[in-house]
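Visitor: The lines below spell out each chain.
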Amino acid sequence: MSATHATGKGMTLTLHVWRQAGPNAAGRIVDYPAPDISPDMSFLEMLDVVNERLIAKGEEPIAFDHDCREGICGSCGLMINGSAHGPMKLTTACQLHMRSFKDGDDIWIEPWRAKAFPVIKDLVVDRGAFDRIIQAGGYISAPTGTPQDANALPIPKADADLAMDNAACIGCGACVAACPNASASLFTAAKITHLGSLPQGQPERDRRALAMVAQMDEEGFGGCTLHGECQEACPKGISIDAIMQMNRDFVRASATAVQAKEWSGAA
Amino acid sequence: MSWLRTFWASTVGKKTVMAVTGIMLVGFVVAHMLGNLQMFIGAEAMNKYAALLKSTGELLWVARAGLLVAAALHITAAYQLTMINRAARPEGYAKQEPQVSTLASRTMRLGGVILAAFIIFHLGHFTTGTFHPAFSETGVYGNVILGLRSPLVAGFYVLAMAALGLHLFHGAWAGVRTLGLRKRSADPMYRRLSMGLAIVVWAGFTAIPVAVLLGILN
Ligand code: HEM
Ligand code: SF4
Ligand code: FES
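Chains as they are written, first to last, in the numbering used here: chain A, 1 to 267; chain B, 1001 to 1218.
Watch out, some of these pointers could steer you wrong.
Taking lysine to aspartate or glutamate and the DMTMM-like style, the derived pairs with C-alpha atoms no more than 20 angstroms apart in a straight line are [claimed, not checked]: (1) B:1095 to A:106; (2) A:102 to B:1058; (3) A:102 to A:165; (4) B:1183 to A:159; (5) A:57 to A:36; (6) B:1054 to B:1044; (7) A:115 to A:131; (8) B:1048 to B:1137; (9) A:236 to A:131; (10) A:102 to A:161; (11) B:1048 to B:1058; (12) B:1183 to A:106; (13) A:102 to A:40; (14) B:1095 to A:31; (15) B:1095 to A:105; (16) A:57 to A:40; (17) A:115 to B:1187; (18) A:121 to A:52; (19) A:89 to B:1187; (20) A:121 to A:67; (21) A:236 to A:149; (22) A:102 to A:159; (23) A:89 to A:40; (24) A:121 to A:48; (25) A:121 to A:40; (26) A:236 to B:1187; (27) A:121 to B:1137; (28) A:89 to A:70; (29) A:89 to B:1044; (30) A:115 to A:126; (31) B:1183 to A:59.
Computed spacing ranges between beta-carbons, pair by pair [said to hold, decoys possible]: (32) A:131 to B:1032: 43 to 53 angstroms; (33) B:1072 to A:22: 44 to 54 angstroms; (34) A:150 to B:1004: 35 to 45 angstroms; (35) A:252 to B:1087: 20 to 30 angstroms; (36) A:12 to B:1097: 16 to 26 angstroms; (37) B:1203 to A:30: 28 to 38 angstroms; (38) A:152 to B:1087: 40 to 50 angstroms; (39) B:1061 to A:132: 34 to 44 angstroms.
No lab work stands behind these hints, which were simulated from the structure alone.
Values in this document were obtained by computation on a predicted structure and should not be read as measured data.
In this text, a Cβ means the ideal position worked out from N, Cα and C, and glycines have one as well.
Using the sequences provided together with the hints, build the complete structure.
Guide: In structure tokens, the structure reads:
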């Protein structure tokens, strides 16, 4: 079974994993011994090995979300030993390697916890709330067709950098998971800052801030109290400076009373 | 006024109100501390200062009303946001390791409750005299000395000022950021300025009950 992964110098770990059969089932932490784990495995490969062994024993494998396994899709959110995506900074769970742990370690693995991220099964949560926040305003309305000349719209380097830094968000939800208030401020602010830094994002800037913040609240995320945990947990290094931008845009849009009236009338 | 309702309904709107009112209260607290330190100059200076404040008449009431409204809004927003934030995580983690949040950031609510209790006691103590053993309308210096001779009362002042220092350490930094008044920075968690402010305010206020207890002020 796990012979293909055995290296002979494997680690022996004890996993404490949240198991929950379905959205409405009661869940609990279940302990699994995990012997013969190679330090070269990624965290998800380690879970694969544990699952192969569970399947061989006729037990239900541990459900966890994953897709790219290269740190770009944002699916693999796991709370590992009490920190989102585990102990390595700027690293998703799929890019974390078992050499970050020691032989004999206990590893706690839990799903993201937020009212707005309901558990589907075991470690898999529904991050649809993020999609709805994006749908509320995380886009620009540009005419499609032949792309315009790349140099037709000059953008200062600093603005382009700021937009790129914030566009790096992969929607993983670690910010929500790490936040003591389960706030989605960093995610929402990253998108608002990304689009709001570019000329293409200006026409909808006010509406975007109002609508995305409203949707964020509507989904049941908490508010920001500037603990800073989100920035620390973010695998893409999104700065809490983005939250300043979101708040400024929101306040400015609200103060533009006419536009706000138009918008709240439409909402 | 529908925009105002939309604004207050949102977590960002409430937080903005908290930041604005919080910064107003910080301004008051700093001025109040400087005023109080005249205790160390002497009874005459302190009583003269208090008389000067009272002589401003209507202006004093405008300032009091402003502070009261600020405090009420601050507390209301804090309470409502706390409820929203609690509801946002109905099920907690078996294990969670705080990474960069501080003791101050995690005790803002507890500290706020201590400060609210303190303000009620404090107004009854030195402003109305309700809780004061020998209150004099004109003798502020004597009121403070007599009022703080009880170790229990002085201890409460010391405790409350520790809570105030912590509250300021996080709050002064956070309030400015909530309002988006800082430049982008490579280290947004940097808060040496609010650390300095918190220490000065904490030390300035705490000096008085401690000095009374030690008999330095009498
Ligand atoms: C050890 C610390 C403190 C001492 C010794 C002190 C002393 C005093 C005194 C003597 C007065 C009455 C002034 C007068 O009526 O002439 C006063 C008023 C007041 N204090 Fe303090 N205070 C302290 C800390 C604080 C703190 C931390 C706050 C708020 C966070 C505060 C809030 C107030 C308020 C709201 C008033 C009423 C102002 C008014 O009547 O308009 N005090 N304080
Ligand atoms: S801001 Fe960072 S932590 Fe939050 S969803 Fe985006 S990439 Fe993940
Ligand atoms: S699986 Fe895609 S980011 Fe981890």
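Visitor: Against each hint, give a clear statement of whether it holds in the structure.
Guide: Tested hints:
| no. | hint | verdict |
| --- | --- | --- |
| 1 | B:1095 to A:106 | holds, 12 angstroms |
| 2 | A:102 to B:1058 | violated, 69 angstroms |
| 3 | A:102 to A:165 | violated, 34 angstroms |
| 4 | B:1183 to A:159 | holds, 14 angstroms |
| 5 | A:57 to A:36 | holds, 17 angstroms |
| 6 | B:1054 to B:1044 | holds, 15 angstroms |
| 7 | A:115 to A:131 | holds, 15 angstroms |
| 8 | B:1048 to B:1137 | holds, 13 angstroms |
| 9 | A:236 to A:131 | holds, 19 angstroms |
| 10 | A:102 to A:161 | violated, 38 angstroms |
| 11 | B:1048 to B:1058 | holds, 18 angstroms |
| 12 | B:1183 to A:106 | violated, 42 angstroms |
| 13 | A:102 to A:40 | holds, 12 angstroms |
| 14 | B:1095 to A:31 | holds, 14 angstroms |
| 15 | B:1095 to A:105 | holds, 15 angstroms |
| 16 | A:57 to A:40 | violated, 25 angstroms |
| 17 | A:115 to B:1187 | violated, 30 angstroms |
| 18 | A:121 to A:52 | holds, 18 angstroms |
| 19 | A:89 to B:1187 | holds, 15 angstroms |
| 20 | A:121 to A:67 | holds, 16 angstroms |
| 21 | A:236 to A:149 | violated, 30 angstroms |
| 22 | A:102 to A:159 | violated, 43 angstroms |
| 23 | A:89 to A:40 | holds, 18 angstroms |
| 24 | A:121 to A:48 | holds, 16 angstroms |
| 25 | A:121 to A:40 | violated, 28 angstroms |
| 26 | A:236 to B:1187 | holds, 15 angstroms |
| 27 | A:121 to B:1137 | violated, 68 angstroms |
| 28 | A:89 to A:70 | holds, 15 angstroms |
| 29 | A:89 to B:1044 | violated, 59 angstroms |
| 30 | A:115 to A:126 | holds, 10 angstroms |
| 31 | B:1183 to A:59 | violated, 54 angstroms |
| 32 | A:131 to B:1032: 43 to 53 angstroms | holds, 49 angstroms |
| 33 | B:1072 to A:22: 44 to 54 angstroms | holds, 46 angstroms |
| 34 | A:150 to B:1004: 35 to 45 angstroms | holds, 44 angstroms |
| 35 | A:252 to B:1087: 20 to 30 angstroms | holds, 28 angstroms |
| 36 | A:12 to B:1097: 16 to 26 angstroms | holds, 23 angstroms |
| 37 | B:1203 to A:30: 28 to 38 angstroms | violated, 52 angstroms |
| 38 | A:152 to B:1087: 40 to 50 angstroms | holds, 48 angstroms |
| 39 | B:1061 to A:132: 34 to 44 angstroms | violated, 49 angstroms |
Going down the numbered hints, you'll see the structure goes against 2, 3, 10, 12, 16, 17, 21, 22, 25, 27, 29, 31, 37 and 39, while the others check out.
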